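Visitor: Got chain A sorted already, so can you dock chain B onto it with the hints?
For the protein sequence lines, the chains are A and B, in the order given. Every letter in the first sequence is one number past the one before it in my numbering, and letter 101, counting from 1, is 101. Every letter in the second sequence is one number past the one before it in my numbering, and letter 43, counting from 1, is 43.
Since the hints were derived computationally from the structure, they do not count as laboratory data. Hints may contain errors.
Claimed, not checked - Once the Cα atoms are required to be at most 30 Å apart in a straight line, the calculated DSSO-like pairs of lysine-lysine come out as:
(1) A:70 with B:57
(2) A:106 with B:57
(3) A:73 with B:57
(4) A:70 with A:106
(5) A:55 with A:70
(6) A:55 with A:73
(7) B:57 with B:71
(8) B:57 with B:14
(9) A:106 with B:71
(10) A:73 with A:106
(11) A:55 with A:78
(12) B:11 with B:57
(13) A:55 with A:106
(14) B:71 with B:11
(15) A:106 with B:14
Claimed, not checked - Footprint (simulated), chain B over chain A, 3 or more residues, beta carbon under 8 Å:
(16) 43-56
(17) 104-110
Stated by the list, open to error - Short derived list, chain A residues pointing at chain B, Cβ under 10 Å:
(18) 6
(19) 32
(20) 33
(21) 39
(22) 86
(23) 87
(24) 89
(25) 91
(26) 92
(27) 93
(28) 96
(29) 101
Just so it is clear, the structure is predicted and the values come from calculations on it, not from any experiment. We treat Cβ as the ideally placed atom computed from N, Cα and C, and that holds for glycine.
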Amino acid sequence: AQTVTQSQPEMSVQEAETVTLSCTYDTSESDYYLFWYKQPPSRQMILVIRQEAYKQQNATENRFSVNFQKAAKSFSLKISDSQLGDAAMYFCAYSGGGADGLTFGKGTHLIIQP
Amino acid sequence: DTGVSQNPRHKITKRGQNVTFRCDPISEHNRLYWYRQTLGQGPEFLTYFQNEAQLEKSRLLSDRFSAERPKGSFSTLEIQRTEQGDSAMYLCASSSGTSGGTDTQYFGPGTRLTVL
Numbered sequence: 001a002q003t004v005t006q007s008q009p010e011m012s013v014q015e016a017e018t019v020t021l022s023c024t025y026d027t028s029e030s031d032y033y034l035f036w037y038k039q040p041p042s043r044q045m046i047l048v049i050r051q052e053a054y055k056q057q058n059a060t061e062n063r064f065s066v067n068f069q070k071a072a073k074s075f076s077l078k079i080s081d082s083q084l085g086d087a088a089m090y091f092c093a094y095s096g097g098g099a100d101g102l103t104f105g106k107g108t109h110l111i112i113q114p
Numbered sequence: 001d002t003g004v005s006q007n008p009r010h011k012i013t014k015r016g017q018n019v020t021f022r023c024d025p026i027s028e029h030n031r032l033y034w035y036r037q038t039l040g041q042g043p044e045f046l047t048y049f050q051n052e053a054q055l056e057k058s059r060l061l062s063d064r065f066s067a068e069r070p071k072g073s074f075s076t077l078e079i080q081r082t083e084q085g086d087s088a089m090y091l092c093a094s095s096s097g098t099s100g101g102t103d104t105q106y107f108g109p110g111t112r113l114t115v116l
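The shape of chain A in the complex, shown without the other chains:
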């Protein structure tokens, strides 16, 4: 079974600084998909960024980028120029492809210090 591990229960960063959230996963598949979702307090989960395992280029979405290390099974999220609105729980998720349900990590609580 696939597992996703987020080793940082909580991270804190000053506004405008850069922060990196860690995620590792375990799978025997060669083709899969990885996601970062954001869940603000009392609000619904939204997709931040996704990465296809067959793509060597790291995904980027504006201030959000990933460092995908397939051999190490690592998928970290970098948030540049942190903003107060980035404060949320961040979940790393794995999908084996097709219509699989997502396997989530336990999440990292990101605090933005003004």
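Guide: Here is chain B on its own, set in the frame of chain A:
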């Protein structure tokens, strides 16, 4: 443009009662997923529909749980004889189901269940 909606948003019930939740996916999305999220944890996959067909069920989905998606539109999740351990946030997500790979899943706001 409406996203995924879920009703009710909150449900408080007594142990042993039955509860039913509803999820309305994004219009024309073929795939619909149910997850359960307990406090301090990430969501856990429960079940998945492709149109009206329930194609996958997690072992977390005990016999007390049943899900339907009549006509491939909205879905309902029913929990019979609720237990205190069923207290959680129940999340619904939908995806278009049109790509050959993994579609992005869009989540609803969830239904928070409290079993007293």
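Visitor: Against each hint, give a clear statement of whether it holds in the structure.
Guide: Structure-based check of all given hints:
no.: 1; hint: A:70 with B:57; result: 29 Å, holds
no.: 2; hint: A:106 with B:57; result: 21 Å, holds
no.: 3; hint: A:73 with B:57; result: 27 Å, holds
no.: 4; hint: A:70 with A:106; result: 21 Å, holds
no.: 5; hint: A:55 with A:70; result: 10 Å, holds
no.: 6; hint: A:55 with A:73; result: 14 Å, holds
no.: 7; hint: B:57 with B:71; result: 19 Å, holds
no.: 8; hint: B:57 with B:14; result: 26 Å, holds
no.: 9; hint: A:106 with B:71; result: 34 Å, violated
no.: 10; hint: A:73 with A:106; result: 17 Å, holds
no.: 11; hint: A:55 with A:78; result: 18 Å, holds
no.: 12; hint: B:11 with B:57; result: 24 Å, holds
no.: 13; hint: A:55 with A:106; result: 26 Å, holds
no.: 14; hint: B:71 with B:11; result: 26 Å, holds
no.: 15; hint: A:106 with B:14; result: 28 Å, holds
no.: 16; hint: 43-56; result: holds (count 7)
no.: 17; hint: 104-110; result: holds (count 4)
no.: 18; hint: 6; result: 8 Å, holds
no.: 19; hint: 32; result: 8 Å, holds
no.: 20; hint: 33; result: 4 Å, holds
no.: 21; hint: 39; result: 9 Å, holds
no.: 22; hint: 86; result: 18 Å, violated
no.: 23; hint: 87; result: 17 Å, violated
no.: 24; hint: 89; result: 9 Å, holds
no.: 25; hint: 91; result: 5 Å, holds
no.: 26; hint: 92; result: 8 Å, holds
no.: 27; hint: 93; result: 8 Å, holds
no.: 28; hint: 96; result: 8 Å, holds
no.: 29; hint: 101; result: 3 Å, holds
The earlier numbered hints that this structure contradicts are 9, 22 and 23.
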